[in-house]
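Colleague: Next come the chains, spelled out residue by residue.
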Amino acid sequence: MVTIFGKPLILLYGQLTLGLINGAFYALLSLGLAVIFGLLNIINFTHGALFMLGAFTTWALLNYAGIGYWPSLILAPIIIGALGLVIERVLIKRIAGLDHLYGLLLTFGLSLIIEGLMRNRFGSSGVPYEIPSVLQGATNLGFMVLPRYRAWVVVAAVVMCFFTWLLIEKTRLGATLRAATENAPLVQAFGVNVPRLVTLTYGGGVALAAFAGVLAAPMNSVNPNMGSNLIVVVFAVVVIGGMGSILGSILTGFGLGIIEGLTKVYYPEGSATVIFVVMALVLLLRPAGLFGRAT
Amino acid sequence: MRLSRRTLLAATAAAAAQPAFRARAQDAGTIRIGVLNDQSGPYRDTGGLTSVICCKQAVSEFAAQGFKVDVIMADHQNKPDVGAGIARQWYDRDGVDMILDVPTSSVGLAVGAVAKEKNKAYINVGAATTDLTGKQCAPCIVHWSYDTYMLAKSTGGATVRSGGTSWYFVTADYVFGHQLQRDATHFVEAAGGKVLGSSAYPFPGTSDFSSFLLQAQASGAKVLGLCNAGADTVNSIKQAKEFGVNMRLAAMLMFITDVNALGLQTAQGLTLTESFYWDLNDRTRAFTNRVRPKTPNNWPNMIHAGCYAATLHFLKAVQALGVAEAKRSGTAIVERMKAMPTNDDCFGKAHIREDGLLIVPSYLFQVKTPAESHGKWDYYKTLSVTPADQAWRPLAEGGCYFVKS
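Line order of the protein sequences matches chains A and B. So that you can map any letter, position 107 of the first sequence is 107 in the working numbering, and since no number is skipped, the others follow by simple counting. So that you can map any letter, position 61 of the second sequence is 356 in the working numbering, and since no number is skipped, the others follow by simple counting.
The following block holds chain A by itself, in its conformation from the complex:
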């Protein structure tokens, strides 16, 4: 049997695939964060809580309204995105232009409140959600058994990342958004309603988090803490990729998923730390992040 550093190659293939799957999640979540940070300059700590709400909405749609997985994939992001619009209008708007710290405290506090309320209602052990019947079962790839659902998650995440990138980098709407980031008063002078643009962007970023939540619901236990476990890692991804860089977030998300996967083979105890080691190294060598522009 072929081995690399004492581990069979076949096991490593499996771990690389798993790393890619986890990376898809990191990419999707950090994408939403990067969009919000890039355009609003807000460090959105509620992202994890909104991701969790996305998963719970999926569960609630099934259990209270009989709406299954596929419609939820569209409905849950719309519902949570709308909640995002309200949050932006009512709270975040008021601290626009203030120091980053205010935004961070506000969104962090908000996420604690949301998680606390959900824990009060649903407990911490979570609720079950079954994988949709079409995607049940697994395919044997020879080196590992790949559940069909996980394959779908990677495809869905890649497609979503691609379209978001396309929207922001290649369309007229995206160009306006980017211009508004650079110089809001000037763009406003051209007749663009910048505050509305900002609100919609926040809603869009939040919808991305909810979309990831729907994808996660059948895979992990749907519980009120599911977001807070992930959000710290996702922040590290955004920092490593370069705050606000869309492409950076996507590539870093996948890259770190793979690094984490390999760590789980060679030194599992360190798998929660390795991402932060990478982050420290990147900050030392390239303070603006791998894909960020130094300002």
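Source of the hints: derived by calculation from the structure; they are not laboratory data. Quick caveat: nothing in here was measured; it's all calculated off a predicted structure. There is no bait here: all hints are sound.
Have a look at the derived ranges for each label pair, beta carbon to beta carbon:
#1 B/Asp-365 with A/Leu-117: 27 to 33 angstroms
#2 B/Ala-619 with A/Leu-101: 51 to 57 angstroms
#3 B/Thr-664 with A/Asp-99: 53 to 59 angstroms
#4 B/Ser-355 with A/Gly-68: 43 to 49 angstroms
Glycine residues also receive a C-beta, built at the ideal position from the N, C-alpha and C atoms.
We have chain A; now place chain B onto it with these hints.
Modeller: Same frame as chain A, now just chain B:
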């Protein structure tokens, strides 16, 4: 300086509350119980508020004569430093006479050290570590409901006997996980089985177990031993099923609350060990019917039942000993608890051994299929019972310093 009316009111209220609280804390006629557990993290449902409710249930049923009983609670966030800090403050400043529950072995042991130093009563129900009645025992500590030895002997032994001879462990990387793995390894090897490997993963904060599951699968072992608890166990089982891991699953520690979170569709067929199940007999059903209205979404497991039974027995001992003596010495009250046989609706008649361990039978349960389940929380069928005198680690093997051999 201008004072607004609101500030003034708040200040007055605070000032008024302060001396009242102190006076209450030092009230000689009040026994104060502090429930210290996880109220917000992965172990919230296995302990949490339901533990507090069960403790209060015992207080209300006991109807103490000649003294008042007061129950307070706090969240230790599964952090040993936080837990020890609260314990210190409770014993020193807030007049707490007994600390109850304290899940998460690392926190359970840290609080044990504080109780020993202060000579205050400490009844641990939620933590699994055998060290509470072994190397780190103290004459003021009682350990109720379960420990890693009892779980490993029941679940581990039964699995090997029914053909699960080679094992791979997925283990939470802290004191509880490692002890559970050590004890399980002992019973697997004693029964003629082999351990082929293990992965320790960071706790808390891991939600994706697929990587460890694949490593387990690659090892060729027949049994996947899960040395973890709560949401981690739920995620491991869910993902093992998703990845088509064709190994037998042995959840070394699993509660009925976890089965509820998984759903019977996924959990059916699993074997697990508890010392209490709500549907065991008339007395356990009667107890469950009494507390259920107060905790409708979270039915009692062995930790919750333990919090009820331990509080009841503690109060009986206080009554027998006298409040003044009970407040003076944790050792005196625990010695009295050991001298009296226990008798309650959850565990029936039993006793507390010299080293502080409650000696009750352990039950090996199998999770029912959806078709076998006839109602809410109707989840278990009993596979076998280990009698009380065989279920626990022999007294002489624990290494507790004050046990006379």
